[in-house]
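Residue numbers (the working numbering), protein chains in the order written: chain A, 1 to 387; chain B, 1 to 451; chain C, 1 to 439.
Treat the hints as calculated values from the structure; they're not laboratory data.
One should not assume that every hint holds.
[What the hints assert, rightly or not] In silico BS3-like cross-links for lysine-lysine, where the CA-CA straight-line distance does not exceed 30 Å:
id : chain 1 : residue 1 : chain 2 : residue 2
1  : C       : K112      : C       : K73
2  : B       : K179      : A       : K299
3  : B       : K350      : A       : K122
4  : A       : K136      : B       : K214
5  : B       : K214      : B       : K292
6  : B       : K10       : A       : K309
7  : B       : K350      : A       : K121
8  : C       : K131      : C       : K73
9  : B       : K10       : B       : K73
10 : A       : K136      : A       : K359
11 : A       : K310      : B       : K179
12 : A       : K310      : B       : K37
Listed below are the residues making up each chain.
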Amino acid sequence: MDSVDQYVARADALYHDVSYRSVAEWKTRTGKKAAGHLPVYAPREIIDAAGMLPVAMHGAGDQVEIIRGDAYFQSYICQLPRSTIELAMSGRLDDIDAFLFPSTCDVIRNLSGMWKMLFPKKFVRYLDLPQNFDRKVAGRFWAGELRHLYADLCALNGTTPSDDALRLSLARFSANRRAVASLMALRASEPWRAPAAEAYLIIRAGDVMPVEEHTAFIEGYLAAAQGADRPMRDYTRVVVTGAFCEQPPLELIRTLERAGCYLVWDDFTVGARFLEGDVSLAGDPIEALAQAFLNQSVKNACVYEPDGKKGEWLVNTVRDTRADGVVFAAPSFCDPALLEQPMLVTALERAGIPHTSFKYAENLGQFQVIREQAGTFSDGLRLWSNA
Amino acid sequence: MSTEQSAAVKEPSMLQQKEMIAEHFRELSRTGETKKKVVYTFVPGNLTELLLAFDVLPVHPEINALQSAMRQKAGAYIGEAERIGHSEDVCTYVKCDIGMKRLGNVGPTGEVLPKPDLLLLSYTGCFTFMKWFELLRQEYDCPVVMLHTPYQGDGEITPTMTQYMVEQIRQQVIPALEKLTGKSFDEERLRELMRLSARAEDDMVAVLESAKHKPSPIDAYFGGVYYIGPMFTAFRGTQGAVDYYAQLRRECNQRIAAGEGPITPEGTSPKERFRLIVEGPPNWTHFREFWKMFHDEGAVVVASTYTKVGGTYDLGFRHDPTNPLESLAQYCMGCYTNRNLPQRLDMIVKYADEYSADGLLINSVKSCNSFSAGQLMLLREFERRTGKPGGFIETDLVDARYFSAANVKNRIESYLQMIVQKRTAGAASVDLAAAASLVRSLPVINQGGAA
Amino acid sequence: MKAWIGIDLGSTTTKAIFLDEQGKELGRGITNSRSSYDLASRIAQDEGRLAARFTLLDRELRADDELATHSDKVRGQLLHRFRRDQEVVQLEALRELVAEECRSPRVAAIAKPLEERATGIVDSLITAEKKPALPLAGKAAKTSDFFRDRAASGFGRLAEEQSDASVKFADLLGVFDKAILRVENTPFELSFDTRIRSAIREVARTLPDSVRDRCIAAVERAAAIPLDEVRVIGTGYGRARLPFPKENIRSEILCHGLGAHAQFPGTRTVLDIGGQDTKAIQVDDAGIVTGFQMNDRCAAGCGRYLGYIADEMSLGIHELGPLAQQSERNVRITSTCTVFAGAELRDRLANGQRREDILAGLHRAVILRAMALLARSGGVLDEFTFTGGVANNPAAVDALMQLVEENYGKRTLNISAGSIFTGALGAALFALRADAAQA
């Protein structure tokens with residue numbers, strides 16, 4: 001068995017591989033194509049079942065200097081689309097054959113049209129996730145969209161559509177989500193065993209790893225982490241939300257923990273666990289995946305919440321993870337997260353849960369202010385609970 | 001859109017529109033007695049005919065927000081919303097609306113607006129709409145019906161998309177309205193309303209296309225927002241709208257016959273010197289000042305994309321009474337911001353040719369990513385495809401803090417002067433080159449610092 | 001002599017250029033933009049007119065082969081005298097106002113000694129100025145174009161020497177600051193004609209007998225040439241506030257494009273980074289603007305940002321670039337937000353990062369913003385001309401050269417020391433062209 005450090009080193013290397021060399025290697029090895037998708041949710045099962053490598057794209061973080069990307073966006077638009085364009089224009093996305101743009105927000109939506117104009121030779125698809133959650137009406141629509149996508153990706157990759165391939169993929173991703181959930185559970189129960197930035201890297205490794213490999217990778221890490229001797233600290237326990245699309249820099253995650261906050265739950269990688277639980281393998285697999293989205297998906301600012309119990313999930317998450325408070329961490333100019341925040345605040349205040357908030361950008365370079373803010377928040381919570 | 005226009009010249013259509021709006025707000029203020037139901041909904045992808053078929057009164061929060069801005073109330077409203085925790089980064093329409101509600105919900109006519117009995121979330125072409133009504137649901141604790149309009153991601157409307165829309169309307173929107181009003185759905189009535197819609201739409205398209213004349217009898221952006229008012233809001237499908245557009249069309253024809261330009265708040269326009277296309281919504285806090293910057297330079301907007309947010313009638317769409325629900329679905333999906341970027345570009349390029357425009361000016365508003373994300377690319381592609389110059393200005397919808405008059409004026413002037421310079425380039429280049437060659441002899445120190 | 005004038009009213013400085021009928025430069029003037037744009041443009045124009053006068057004088061001297069050999073000397077001495085007179089007039093006004101300020105009730109307690117010392121200091125400056133060879137302000141006088149800076153430097157140095165417990169340095173500086181503001185807002189136009197006639201007689205004494213009279217005659221002829229200022233065109237940030245008719249105002253985009261073309265005819269792309277804004281301009285082979293982009297409402301990435309940084313580090317703006325050039329390792333700065341600049345700077349310094357490295361990172365960040373505008377406007381074509389105050393900053397130039405080459409390949413980069421006059425030059429060319437078109 002590898003040590004924790006070995007797992008983390010591998011995940012770290014993949015995280016820093018903004019040229020997607022591992023994807024190129026996979027393609028050479030398999031002779032198949034790769035399909036990238038932007039945050040938050042994309043039906044990766046469909047990509048996998050078409051024999052393609054699903055690649056979750058999360059911008060370039062703080063690793064690439066933005067020159068070309070800034071030419072396409074005004075200053076009041078978030079960072080992620082700039083770095084995504086920068087990566088593409090600098091040839092770093094050449095190995096990605098198909099691009100899927102989910103309906104996360106208007107910026108990603110419009111980026112799909114820009115992509116069509118910028119890269120006319122690439123396969124580009126906008127994924128209109130249903131915002132209506134009626135099982136029948138939306139189920140038919142979404143299943144139709146998924147079927148259409150599956151057929152097109154199979155055609156692109158030279159594979160034959162098959163229900164068996166789809167079922168295999170559904171099962172693989174269900175297993176992967178179980179592994180991710182175990183890691184999240186460890187974070188909630190014994191956060192000192194898997195520091196936030198480390199767990200983050202382990203999950204992010206799934207952005208580019210084939211799914212079954214990633215599942216084994218998480219399981220291996222979990223075993224190693226549980227055996228590692230790491231001191232438990234007197235930190236407060238916080239839930240972090242708002243960071244589901246453009247990602248916080250790694251240093252920001254470390255800063256929060258260093259400031260005395262255990263991140264017992266966060267939505268950084270919520271795209272990898274957007275569906276909760278296993279997808280049914282009975283009946284038509286496309287229908288099953290469509291219904292899973294309508295009935296088993298998490299609550300997130302980028303999808304409509306039909307029942308009107310806004311924030312209930314957050315209050316429950318705080319309770320389930322025995323968190324002391326909530327940190328709202330949203331990328332600057334992020335419409336979904338920032339429009340959602342006041343509603344979540346209302347729910348938290350009703351439940352008497354303390355919270356704080358700040359904004360970031362994926363290429364943020366200084367953390368002093370956030371360090372102080374998180375430290376103060378954490379100290380405040382501790383005083384509060386002692387009082 | 002539809003606010004009182006303090007024009008030097010008042011045409012009958014203006015008075016007509018003013019009265020229609022006043023009557024609508026009077027009705028809204030009387031719902032306590034009349035027991036009429038109130039539905040809040042959005043302009044893009046609005047189902048006005050269906051609402052009118054159930055005798056409910058629509059309220060459009062975006063219109064309230066822009067009216068607040070024109071009445072210089074938006075600053076206080078936005079401030080209130082930010083005070084209670086809304087981010088400075090997000091859409092100011094939303095914040096203006098929330099702030100207005102929190103500070104008493106006084107509408108444009110000075111009367112308190114009735115609360116919604118239902119929020120019809122016509123989720124068309126704008127992500128923020130969804131969050132907006134989630135926020136309003138929290139404010140009002142009232143039911144919401146979601147009408148998810150699929151986006152034309154691949155530049156087309158597929159049968160799956162239409163079916164999805166029709167099923168939502170038939171199985172969710174109509175039952176919700178039946179439940180709300182206690183009336184059953186009268187398809188014949190809907191057809192009749194849609195017949196009237198189509199008549200008014202014909203006249204409105206004729207008005208918008210009158211800008212193809214030189215000089216243009218209308219301004220299709222600043223004036224345009226008045227012309228689309230009744231069509232995009234509570235009046236489509238009414239006889240009032242039919243009459244309004246017939247009158248408006250007559251007035252346009254008269255101005256064409258007289259060789260006159262548009263009527264503006266400064267009076268009739270000076271000589272038409274520039275014919276522009278404008279992409280993006282206007283700024284409402286300085287609407288008149290903004291318009292005047294164009295007026296002063298003799299710049300007339302001959303086509304705009306903003307006047308297509310509530311329907312792309314000029315591309316041929318008409319409400320079709322023979323197929324009412326499919327037609328409503330097609331209408332929603334065809335709205336401007338529900339079209340993908342290549343489609344938007346095609347439209348603008350087509351306008352450049354059909355309206356003999358000098359160029360494209362983009363007003364990029366901070367609030368609206370649906371419009372703004374990708375505009376810099378539209379600009380570049382427009383220039384590449386048409387060879388006509390593009391200009392770029394940045395403002396906001398209803399937040400005065402993002403309107404720098406000096407900055408905007410500077411860019412508009414620079415842009416228009418560039419057009420003039422290009423026009424006269426052939427004649428001037430000779431003597432300029434001569435002058436320049438002489439200027440070269442003046443002491444230029446450290447020439448070619450680096451190569 | 002007919003002259004066409006361009007005035008560029010910038011946020012920091014106001015520039016004027018005079019052109020003759022052939023488009024040759026007659027003169028240029030520069031002053032700091034004050035709260036009164038009107039006055040700033042008038043002073044820049046006065047300066048330009050004076051320079052134009054000297055150009056005419058020079059032409060007259062050079063028309064005579066024998067006089068031509070003496071022209072540099074004669075012109076230099078005359079200019080020196082003229083500048084000296086100008087300086088003295090302003091210092092005298094300063095003395096009077098300093099005295100007045102010392103009588104303000106604010107400083108009543110020390111009024112007498114304060115007035116003695118303050119006026120004494122200005123008197124020393126005047127005496128020094130009147131000395132033929134060695135102006136007292138020394139080197140500082142040559143480094144600044146502005147009376148304000150020269151006077152402040154001389155006054156400050158003497159005040160330091162002469163302050164003590166009874167009259168403090170701050171007291172002296174206090175009256176100076178108030179007085180200099182008032183001097184600045186008073187225009188001083190010295191009559192060229194009368195002064196030059198007396199001055200040439202003195203200067204001519206040093207000339208050989210054979211040319212003396214001819215030289216005096218030539219200078220008098222030059223002084224008598226009427227200067228017909230045919231048209232003034234205004235441009236720049238404050239152009240809307242210039243007291244000009246609308247048809248005599250041009251956008252600074254057009255003026256920069258044409259001005260850059262005039263300085264470097266191969267120019268196809270112009271980058272101008274000024275105090276308040278950054279412009280990327282594309283021009284065709286005749287200097288006609290074909291496209292442009294400007295920064296948005298936020299001042300990040302403009303000269304002003306570097307100004308904040310200089311203030312934050314207690315450095316002069318001209319010291320930033322050379323310091324940044326001493327950087328040894330890359331520090332990546334992602335935010336060019338002026339609001340956060342100070343905090344970020346202190347944070348980094350506290351983290352032990354070297355000042356030079358941080359400064360290099362900041363310069364690169366400013367240029368990155370400009371690169372985005374350049375890309376929006378259509379890229380960087382050959383040749384590429386860099387203008388505006390930031391073009392004088394060597395670290396900014398280094399960063400620009402590197403990024404342009406990385407992204408667009410090798411480009412000829414033109415930077416003129418007179419790049420700050422680019423807009424005014426363009427405006428003057430437009431003035432000339434307006435009348436040429438009518439003719």
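I'd like to know which numbered hints this structure contradicts. Please list them from smallest to largest. As far as the earlier hints go, 1, 4, 6 and 10 are violated by this structure, in ascending order.
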